[in-house]
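Now for the letters of each chain:
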Amino acid sequence: MTDYHGIPAAQAEVDFAIPFLDEDIPLYVDPFLLWASPSLQDNSLHTMIVNSFNHLGHLAQQGQFDRAKQILISLSECNEVGLGTSRTRKGKPIGDRTADSILSLFKDVPQYERRGFIHFEEIQFFVDHIAKDRISDFACSLLKSFLIDYTIDQSKKLGIPLGKTSVPVYDYKTNQIVEEQVDLPTNPENGSAITFVPKRWLRFNPWLDFDEYYTDYIPKERIRPDGKPERIEVLTFNRHNYGVVRDYVLAKERQKLDCHNDPLFKQIPIMSAKAGLNAIRSLSSGLADRSDKKYEQESARLMASLLYPHLDFAGTQERTDGGVLIRDLIFYNNRGHQLLDDLWQRYESRQVVFELKNVYEVDGGHINQLNRYLSEHFGRFGVILTRRPLKSSMMKNTIDLWASQRRCIIALSDDDVELMVNLYEGKQRDPIDVINMKYVEFTRKCPS
Amino acid sequence: MKSESEIDNFERIESQLKVFRREIAGLSKKKPNDGVNKFKLAYINNAIDQANAILADQRPLQGFEHFNPDDVPTNSDVAFVLAQYTEAIFRVRQEHTTSHRGKYYWIIKNKISEYETKVSSLFAYREKE
Numbered sequence: 001m002t003d004y005h006g007i008p009a010a011q012a013e014v015d016f017a018i019p020f021l022d023e024d025i026p027l028y029v030d031p032f033l034l035w036a037s038p039s040l041q042d043n044s045l046h047t048m049i050v051n052s053f054n055h056l057g058h059l060a061q062q063g064q065f066d067r068a069k070q071i072l073i074s075l076s077e078c079n080e081v082g083l084g085t086s087r088t089r090k091g092k093p094i095g096d097r098t099a100d101s102i103l104s105l106f107k108d109v110p111q112y113e114r115r116g117f118i119h120f121e122e123i124q125f126f127v128d129h130i131a132k133d134r135i136s137d138f139a140c141s142l143l144k145s146f147l148i149d150y151t152i153d154q155s156k157k158l159g160i161p162l163g164k165t166s167v168p169v170y171d172y173k174t175n176q177i178v179e180e181q182v183d184l185p186t187n188p189e190n191g192s193a194i195t196f197v198p199k200r201w202l203r204f205n206p207w208l209d210f211d212e213y214y215t216d217y218i219p220k221e222r223i224r225p226d227g228k229p230e231r232i233e234v235l236t237f238n239r240h241n242y243g244v245v246r247d248y249v250l251a252k253e254r255q256k257l258d259c260h261n262d263p264l265f266k267q268i269p270i271m272s273a274k275a276g277l278n279a280i281r282s283l284s285s286g287l288a289d290r291s292d293k294k295y296e297q298e299s300a301r302l303m304a305s306l307l308y309p310h311l312d313f314a315g316t317q318e319r320t321d322g323g324v325l326i327r328d329l330i331f332y333n334n335r336g337h338q339l340l341d342d343l344w345q346r347y348e349s350r351q352v353v354f355e356l357k358n359v360y361e362v363d364g365g366h367i368n369q370l371n372r373y374l375s376e377h378f379g380r381f382g383v384i385l386t387r388r389p390l391k392s393s394m395m396k397n398t399i400d401l402w403a404s405q406r407r408c409i410i411a412l413s414d415d416d417v418e419l420m421v422n423l424y425e426g427k428q429r430d431p432i433d434v435i436n437m438k439y440v441e442f443t444r445k446c447p448s
Numbered sequence: 001m002k003s004e005s006e007i008d009n010f011e012r013i014e015s016q017l018k019v020f021r022r023e024i025a026g027l028s029k030k031k032p033n034d035g036v037n038k039f040k041l042a043y044i045n046n047a048i049d050q051a052n053a054i055l056a057d058q059r060p061l062q063g064f065e066h067f068n069p070d071d072v073p074t075n076s077d078v079a080f081v082l083a084q085y086t087e088a089i090f091r092v093r094q095e096h097t098t099s100h101r102g103k104y105y106w107i108i109k110n111k112i113s114e115y116e117t118k119v120s121s122l123f124a125y126r127e128k129e
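Chains as they are written, first to last, in this note's numbering: chain A, 1 to 448; chain B, 1 to 129.
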């Protein structure tokens, strides 16, 4: 999203998860993180979520079951945050039966009937079709009023453009969902509103996790003596044995100090980087034994980690040029390094493309392929990731491109990648310094 | 040497180069291909620049001025250069000191001065101080 607006924000430096415009981020808001947070604000927001959720139970108990159900269904999807696994940033709300099943907990489980929930994510232990995505959506819907203010604040800090839009918001005072006109960033593709979520609330799996509960905590032999119980059997068992769920939740509460948010990107360990380098070194050049595909896999894994946090990895892509299959690595340029700022300003590189060439020798055709691609899609800077250093005639070819079209194409060989891995291990210099070195080397050769 | 203050400066650079060489040699043994960080490189470059001024046309490596931080020099690169410089500086000491009646003195403006020193071999680089 920041890339679309040309805003140089590194994911590692901003407080929120930078959303994608066309798909969800595969992380979820875990309400437990708000409960366990040292921040009083997060704790208060958690209380607000739980109070609002318990109010639905109160409504149901007071004879307003249908109203509670309608609100619950409306809260069950929060498209503005774009979290989860949807490829389209659009989800579906829960159905009537699931909503009934959730609200029935306030009647069927005496503890919930008396005091309500302390951790509303416990509903996943009793209701089918409720998992981390739904928990996250409920939490985000109930927090939306806060998230809107947070998004406006962060957008103003970074200069992200805002537009008038209408979003459904849960009003904590009246316990209703109201349509609010607010200024929020919008998706330029379809005009839908976007809200940001603080990174500190995100996890891949919730701290209170059904899978962990199933594996380590339930007395399976009591539920089904002759084998593994089905999920639905466990849910039914839980409804009649609240104590087992309570013990699990208490155990997890005691371990709250171990509950941390998950990073959006995790660098590979040093051993793994070295193994990746060795794997690349051992590959033959060319297409034999799918070497090109393996080269792409290892290079993508390695480069994404080596260049983090200076370059955020966007993904790999395949394209054809003149009938030849070409594989690329694309990175967002967030100007987090002097070199990247230079590339942005001199070569208008908002994204940096690494073209993978698992060939014995780079020739003029390869350089022209990247040059054509740069013209069409990216700025005027590109990297050829290949096996051996460029021959002097090819080096001259790239210099000529600079002289005639002010294009900068540099090549990284296996030796350069090895140096990057060494720097990654030693931590004395940043691996991106190797790209800077090649860039400086290139500029020295350019005619003044 | 032209003056006692020039000698003091020489001894400061001589000592600095030996300390840097010892530090980088240690790193180079463990990780020869790791890059030297920019902080260390800035101080090493400063010492090399001052050594260049002392050595004038006796510089050990023709064409080498100092390290460019953009070139990502490795531990072994820096260790190699520092070894050359400490030896060149040591030769300057040997050429500018002499013994007289059992004591060692600096030669200032081509004459034995009263500025005392110790035998040159004591100032040779050692891996451990």
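What the hints contain is simulated information worked out from the structure, not anything from laboratory work. One or more of the hints may lead you astray.
[Unchecked claim] Derived Cβ-Cβ restraints for the label pairs, each shown as a range:
#, chain 1, residue 1, chain 2, residue 2, range
1, B, Glu65, A, Asn278, 28 to 38 Å
2, B, Glu65, A, Asp22, 27 to 37 Å
3, B, Pro32, A, Leu21, 23 to 33 Å
4, A, Ser291, B, Leu61, 35 to 45 Å
[Unchecked claim] Pairs of lysine to any residue residues, derived as SDA-like cross-links and limited to a Cα-Cα distance of at most 25 Å, are as follows:
#, chain 1, residue 1, chain 2, residue 2
5, B, Lys40, B, Lys2
6, A, Lys274, B, Asp70
7, B, Lys128, B, Asp70
8, B, Lys31, A, Arg301
9, B, Lys40, A, Arg301
10, A, Lys391, B, Ile13
11, A, Lys438, A, Ala304
12, B, Lys31, A, Ala36
13, B, Lys38, A, Gln338
Using N, Cα and C, we set each Cβ at its ideal position, and we do this for glycine too.
*Any of the earlier hints contradicted here, and which numbers?*
Numbers 2, 3, 5, 7, 9, 10 and 12 - these are the hints that the structure violates, sorted from lowest upward.
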